Each structure stands twice: as C-alpha cells, then as structure tokens.
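Enquirer: One-letter residues, chain by chain:
2 protein chains.
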Amino acid sequence: MDIRINIERLKRDLEELGRIGRDDHGGVSRPSFSAADLEARGWLKKKIEEAGLCYRQDGAGNQFGRFECAGKTIMAGSHIDTVPNGGMFDGAAGVLAALEAARRIVEEKAPLTKALEIASFTDEEGNLVGDFLGSRAFMGLVDESAVRNGRTSFGVLFSDILKRTGFTAEGILGAHKDRPELEAYVELHIEQGPVLEDEGVSIGIVERIAGKHYRQCAYVGESGHSGTTPLELRHDAFLGLADFALRATQLVATKYYGSVLTVGKAALHPGSFSVIPGRADFTLEFRSSSPEAMAAIEKDVFALAEDIAATRGLTFISKLVDQTAPVTVAPRIVSLIAEECRSLGYPSMKMTSGAGHDAQIIAGACDSGMIFIPSPDGISHSPAERVDWGDLEKGANVLLRTLLRLAK
Amino acid sequence: MDIRINIERLKRDLEELGRIGRDDHGGVSRPSFSAADLEARGWLKKKIEEAGLCYRQDGAGNQFGRFECAGKTIMAGSHIDTVPNGGMFDGAAGVLAALEAARRIVEEKAPLTKALEIASFTDEEGNLVGDFLGSRAFMGLVDESAVRNGRTSFGVLFSDILKRTGFTAEGILGAHKDRPELEAYVELHIEQGPVLEDEGVSIGIVERIAGKHYRQCAYVGESGHSGTTPLELRHDAFLGLADFALRATQLVATKYYGSVLTVGKAALHPGSFSVIPGRADFTLEFRSSSPEAMAAIEKDVFALAEDIAATRGLTFISKLVDQTAPVTVAPRIVSLIAEECRSLGYPSMKMTSGAGHDAQIIAGACDSGMIFIPSPDGISHSPAERVDWGDLEKGANVLLRTLLRLAK
Chain X
-19 MDIRINIERL
-9 KRDLEELGRI
1 GRDDHGGVSR
11 PSFSAADLEA
21 RGWLKKKIEE
31 AGLCYRQDGA
41 GNQFGRFECA
51 GKTIMAGSHI
61 DTVPNGGMFD
71 GAAGVLAALE
81 AARRIVEEKA
91 PLTKALEIAS
101 FTDEEGNLVG
111 DFLGSRAFMG
121 LVDESAVRNG
131 RTSFGVLFSD
141 ILKRTGFTAE
151 GILGAHKDRP
161 ELEAYVELHI
171 EQGPVLEDEG
181 VSIGIVERIA
191 GKHYRQCAYV
201 GESGHSGTTP
211 LELRHDAFLG
221 LADFALRATQ
231 LVATKYYGSV
241 LTVGKAALHP
251 GSFSVIPGRA
261 DFTLEFRSSS
271 PEAMAAIEKD
281 VFALAEDIAA
291 TRGLTFISKL
301 VDQTAPVTVA
311 PRIVSLIAEE
321 CRSLGYPSMK
331 MTSGAGHDAQ
341 IIAGACDSGM
351 IFIPSPDGIS
361 HSPAERVDWG
371 DLEKGANVLL
381 RTLLRLAK
Chain R
-19 MDIRINIERL
-9 KRDLEELGRI
1 GRDDHGGVSR
11 PSFSAADLEA
21 RGWLKKKIEE
31 AGLCYRQDGA
41 GNQFGRFECA
51 GKTIMAGSHI
61 DTVPNGGMFD
71 GAAGVLAALE
81 AARRIVEEKA
91 PLTKALEIAS
101 FTDEEGNLVG
111 DFLGSRAFMG
121 LVDESAVRNG
131 RTSFGVLFSD
141 ILKRTGFTAE
151 GILGAHKDRP
161 ELEAYVELHI
171 EQGPVLEDEG
181 VSIGIVERIA
191 GKHYRQCAYV
201 GESGHSGTTP
211 LELRHDAFLG
221 LADFALRATQ
231 LVATKYYGSV
241 LTVGKAALHP
251 GSFSVIPGRA
261 DFTLEFRSSS
271 PEAMAAIEKD
281 VFALAEDIAA
291 TRGLTFISKL
301 VDQTAPVTVA
311 PRIVSLIAEE
321 CRSLGYPSMK
331 MTSGAGHDAQ
341 IIAGACDSGM
351 IFIPSPDGIS
361 HSPAERVDWG
371 DLEKGANVLL
381 RTLLRLAK
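Sequence lines, in order, name chains X and R. The first sequence begins at -19 in the numbering used here and counts up one residue at a time. The second sequence begins at -19 in the numbering used here and counts up one residue at a time.
Any given hint could be a false lead.
No copy labels: a pair is met if it fits in one copy or bridges any two.
Calculated cross-link-like contacts (lysine to any residue; reagent style SDA-like; alpha-carbon spacing at most 20 Å) [said to hold, decoys possible]:
#1 Lys89 x Arg(-11)
#2 Lys330 x Arg(-16)
#3 Lys235 x Leu211
#4 Lys235 x Leu213
#5 Lys26 x Gly238
#6 Lys235 x Ala276
#7 Lys235 x Ser270
#8 Lys52 x Asp347
#9 Lys388 x Asn129
#10 Lys388 x Glu161
#11 Lys330 x Pro210
#12 Lys235 x Pro210
#13 Lys157 x Tyr326
#14 Lys52 x Lys89
#15 Lys26 x Pro64
#16 Lys25 x Phe147
#17 Lys330 x Gly238
#18 Lys235 x Glu212
#19 Lys299 x Gly258
#20 Lys27 x Arg366
Everything labelled a hint here was simulated from the structure, so no lab data went into it. These numbers come from a predicted model, not from an experiment.
Isolated chain X (complex conformation) (with noise of 0.2 Å):
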C-alpha cells in the first residue's frame, strides 16, 4: 500500500507536546517522574486513544499503543523525556512519528499480518538510575539495587520518587513479564550529530549502535602547600590526571579510530588555587562500536592509568558506573530499510550510531534497527536542538514503510 504520513499532524503533535516542560532557559526540562514528565504522559495516553490504537502502561512506566493481530509483534517507539533544559525532538520525534505512522495504518485499515505496537520507554536519558531505565525494564534488565536503594544525580533516593508518583520497584522489577512476543524494533531518532548534515543527506541507516563504558575514577596524591612545596618533591593528582586523559585521547584516537574517549567532569580536592591538589575525581568515558575495541580499550586505557600512577607517585582508583554493549543491527533491518527509502526516492547513508538508543537494549530481544534524521548543527540535548520538517517527513515515511513491511 502506498500510504504517507501526515506531517502537519506530526508537527502539530510534536509542538504541543513540546509545551509541556517548557522551561525559562527556552528548552524542554521533562525528566522521567517528573510534574511535567507526567503531564505529558497524560498526553500520550489521550493522543494513542484518540488513534484508535489500545493503550497500556507496564509496572517501569513504559507506555504503549497496539493494533492487535495475531503472530509476533512489530514495535516501534523512543522515549518522550528528556534532560533538564534539552529539546523537543530528541526521542519524541521517535515517538510522534510512531504514532503517525500506526495512526495512519489504522485510518487506511492497512491489512496487517502481525501486531503492531508504539512505544514510549521510561527516562531513556537517565535522569534516574542510569540510563534506559524503562527498557532495560522492559528487557528484565534493571539493577535491582539501584531501583531499590539508588539515588538520582541530585541526590534524591530513587525509592521517594517512585511513592511519589505511584510506581514501584515491584513494578519495575517484573515490566518484563508484561513483554509481548517481538519480532522486530524500529526506532527514529534525531542523529544528534552532524554527520547527515554535513554529507547533506535526509536518512541515515544506523548499521551499529557504539557500546559505552562509564566509570567514576579518581588519582589519589599528596596535597601540600603551593609554595613550599618544591616542583619534584609534589604528588599532584591533578596533573596524573592531566596527563592520563591526554594520553588516554591520543591512544583512541590513533589505536582505535572511529572510537571515541571523554573526560566530561573533574573535581580537584581540597579545590583552593594555594594547595597541591590530593586528589582528582573524574569521570572517563569510551564508547565504540566494535565489542573488540571496547574490550581492547579498557584493557589499554586501564593499564596506562596505573601506569601513570606508578610514574608519578599516586594511586589511581576506578568504579564502574555503567555500560551497554555495542550492537550491530540485523541485515535483513539494514537491506528493508535501504529498500524503502530507494523506493520512496530519498538518498539515504548507512551508518553507525555514537549514542546510545533504547533500539540498542531491545536488540537483546529481537531484530532492531534504527532510521536517524539530520540534527541541524549537530545539536541535541540543547534548546537550540531542531529538525527540518521535510527531513522528518521523509524520516517518518520510511518508518512507516519499514512497518508495514514488516507487519504485513
């Protein structure tokens, strides 16, 4: 069937959800569990009602919206919060788009052979306990010390949030049971990078999602007074860890290209511009898409740290925080989606994702690929994140057409 989305609608769906967490700085603050967070769920609700689709909510706050029919099910979804002060796109464009897309199958009563169900998955940005909290739920994947004693990066115990808002570890722990027989997950996404951008290409074909490796480190030294403390008698935590994270770049960038390596938070300790600093916390980051890198990096990357340590008196210590691994979409998802957007005229680029997406958990499941859109500068996670609307039509059409594909 050749059917479109409609991107009016699709617009007009992704600006009023878009009010909802408007914030003073011009950007969308919806965190997962939050006033707005919830409101916007309420919104969902009503709008996947309203489509005719059947609604349900699983124990981890994971929504949904299905055309039931026999055989496995076709899902396609993203996440609608966000992080404090982001955009209107990243993860609601995924979701909006689902929603057209099922929306529009319903309207033409698209003869399918499989259920077809939209998805929107809980805090997929973190905001909680880690990332993807919702569908590692939804995969039986979740710390359960985390949901039970964790505390959230403000430092609220996760446990309060939930009474707060009437959910529970319980449910969240048991989401899974609730999963329906999959057979494939397609999600849309802004790239939220400037590669499309920059080769000036409407639809990216993700073919790998990069694995990520999160650790709190610190290197432990001597603190001492600034002046008295001659150059070659210091133990500076600081500059162990000036020199780790230079070295540490330079080996991904030269030993594992394409990879890429992050020192995004530091703190020196006692933190005064007259004191040697004792200790540097940081956090140390790396993501790549190939499973060999990222266990040859950690493996480099850690013996270079204690290296270092050795070199100039300190201790390095290391925990981890959290990791994903990397995935590589199944081909016959790569070769469906190619085929739709050759069909449908739009020039399309295979390539591989940097970010980490809820696809990349539900790859545990089943066949899951991903359709990126271009992010205009390579913006995200910002109020200046946006979409071209033709680009988003394009990208909409092709997830609708991938669905049908594979629910027909």
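Using the hints, position chain R against chain X.
Expert: Relative to the frame of chain X, chain R by itself:
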C-alpha cells in the same frame, strides 16, 4: 643583656589561643572577622595590656602593643587568623613569640633607644578579599574596589561583614596613616615546608620571600555529545587545560628551577560524563623568589597558553586575581639574625620562603626579615600542624635577641 623567653608561658598562651575557634574536625577555624576571631582579638588585647604594653587597634583591625621610646619603631609580629580547619601555630606562633619577647623586655626593664611594637595583622590568610588585607592596609596598598564592593570566596559581600563587625571601608583605607615610622620588622613563623626538618636545623633565616602571581583562567572550546562527536572534530576545553598544566609545569621545572606553578582548582562545563567540556575554568598560580624569573615565567607561560589555544581551536582567557612581588631580605637583618643564632649556639640555615607572609608586604616600608622554625612533616593549614616546643623556644629567643639588638 642576656635575657631569654619563658617557653612555658609562651606555650600556655598558644594553647589558650588555640582553644578559641577549635572546630569539630580537631582544627582551628578562626578566619578574620568571624566570631572566633573577634573572641581571639579580645583575648590578645587583654594579653597585650597585661604585658604592660600600650594597646591600639587601627582601622583595618590590626592590633598593636607598643613599648614607647624616642626614635624609630622596631616591630615584630604576624597574624592570629587561620584558614578554615587550620592549625594553632601558623601566625599565632609569631604573634605570641613577639608578645613573649616584648614581655621579657618589659620585665627586665631592658634599656632601649627605639620604640618596640608588636603587631597582629588582619586576614593574612585571605579569607576575606585577598591575602594580607591587614598588612596591605597598614602599607596603604589595599584595593579600594575590593574593600567597597568585593565578595569573599564564600560569596558574602565584604561590606556586610564590615557592617556586622563594626569595621568600615574608610577605616581600612585610612589605616596606613597610623603607621609609626618603622626601622625594621621581624616575623617568626613556622616554615610550612619540609626543609628545616629534613636538614635537622632549628632555625631558618629567610633571605628571600617568593612572589606570587595568581590568575583565574579558562579555556573555552565547544561542548557536544560525547558519543556523536568524533575525536578529530572536538574542541575539548579540558584537554587544552590538561596540555597546558603539564607543559607549563614542565617548563617551570626545567627552565626556572626552584620556582613553582600550580593548578589547584578546576571546573568543567557543563560537567557531565557524556558531554565534551566546552569550558574549563581553572586557577593558575606561580611563585618565584626572583623578580626576573617571575617576569620571564609570566611571559613564557602565557605564550604557551595561547599557543595551545591556537593549536586546539580554543580560546584562552585569564584575569589577574592577586600578585605579590618577591622580596630580598635586607642583608643587615639576615646577618644580625645569623649572629644571634651563633651566639646562642643554635644551628641555623639561610633559606627562601616559598609561602607569602606579612613581612613581604611590610618590606616596602623598612628592613623586614623572618625567622623560621621547623614544621614537622612540612604540615600547615591542617589540624595536624604542630611545632617542637624546643624549636619554638629557640626561635623565640632568636627573635628576642634580634629585637634587643635592633632597638638597643
């Protein structure tokens, strides 16, 4: 006259003063103009009066005890304020050794031909609006805008503190008008470093006091998603800082041996594990006892900072916060102290002070010298700060005899 100080009385005084502002962490928290400092000021006033000295306080809160005589003034002193959670000797040892010396001179009715005055200077530790507020006010070197509009490092308006404590900006700015005509200033202080202990020597005779240059700096680059921005496209502000800190330290260590450079505090923005730092704020401090080296380090280090910015596509910005010039102690003071050590049979060594002291500020008005006693394990600015009472007795005796020689 062969008179000596009474170490038991000096010890009692130090222990009494050390109980004022004793904090929960076992240290002394007595920043200038705090409640504890005001209590300590009352205690010191009483002690000065009991010693038979004429008490006065100037508009900056500097406290003095004067033994009047015709002729110029010979002054000895230090400070009784502390860093938060500091020790009981940094500063206090110098003030109370000077008090004990003056007290012995009064008791023995030693014949003087010059006035003798002991001094305790406000906020040497710079907890309010920059180091050496009291001695700078005494010299007429206070930054008027800092006094009128400045905020402390805790964000409190200095003018509010003045209002609460009964001091005034006018008083601070006019304090120098009450300065007597000085001939010499001598300050006993703990070394705050490991040298005297390492050498097994009780008395350090300071020949030079290092100057200090303290700047608030930043590298500004571009933030971005850590997963979607390839390493080669990044303008990571933290890597700029890391590169700078390593190379600037290396530069000073190799080209300006004996000088020091420290990055003691850093903050990355936005400061998330998954966002490339778009800005890295940091403190930069360097110290040298040579005016030529200070100027050359400044030139070299800022050329390096700009060079790194250009190479990495960053912007380097910096703002001078504070600086003090290196001071060479008048040779006649160094010789005089050395002679007194010899005549008392105390081993001594000439040395450089890496830390800054009030003596350095007062060097602008007269010959100004310092007597150091060992800091066990080099510790200061800590509850673990301590002295060997035998070393303190020796140091105070050298101070007493030096004052007698100067005022005779």
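Enquirer: Next, verify each hint and record whether it holds.
Expert: Status of the hints after comparison with the structure:
{"no.": "1", "hint": "Lys89 x Arg(-11)", "result": "within (18 Å within a copy, 99 Å between copies)"}
{"no.": "2", "hint": "Lys330 x Arg(-16)", "result": "neither (23 Å within a copy, 88 Å between copies)"}
{"no.": "3", "hint": "Lys235 x Leu211", "result": "between (33 Å within a copy, 12 Å between copies)"}
{"no.": "4", "hint": "Lys235 x Leu213", "result": "between (34 Å within a copy, 17 Å between copies)"}
{"no.": "5", "hint": "Lys26 x Gly238", "result": "neither (43 Å within a copy, 72 Å between copies)"}
{"no.": "6", "hint": "Lys235 x Ala276", "result": "within (10 Å within a copy, 39 Å between copies)"}
{"no.": "7", "hint": "Lys235 x Ser270", "result": "within (13 Å within a copy, 45 Å between copies)"}
{"no.": "8", "hint": "Lys52 x Asp347", "result": "within (12 Å within a copy, 92 Å between copies)"}
{"no.": "9", "hint": "Lys388 x Asn129", "result": "neither (45 Å within a copy, 73 Å between copies)"}
{"no.": "10", "hint": "Lys388 x Glu161", "result": "within (17 Å within a copy, 100 Å between copies)"}
{"no.": "11", "hint": "Lys330 x Pro210", "result": "between (55 Å within a copy, 17 Å between copies)"}
{"no.": "12", "hint": "Lys235 x Pro210", "result": "between (36 Å within a copy, 14 Å between copies)"}
{"no.": "13", "hint": "Lys157 x Tyr326", "result": "neither (39 Å within a copy, 82 Å between copies)"}
{"no.": "14", "hint": "Lys52 x Lys89", "result": "within (19 Å within a copy, 105 Å between copies)"}
{"no.": "15", "hint": "Lys26 x Pro64", "result": "neither (25 Å within a copy, 57 Å between copies)"}
{"no.": "16", "hint": "Lys25 x Phe147", "result": "within (17 Å within a copy, 64 Å between copies)"}
{"no.": "17", "hint": "Lys330 x Gly238", "result": "within (15 Å within a copy, 58 Å between copies)"}
{"no.": "18", "hint": "Lys235 x Glu212", "result": "between (32 Å within a copy, 13 Å between copies)"}
{"no.": "19", "hint": "Lys299 x Gly258", "result": "within (19 Å within a copy, 25 Å between copies)"}
{"no.": "20", "hint": "Lys27 x Arg366", "result": "neither (23 Å within a copy, 71 Å between copies)"}
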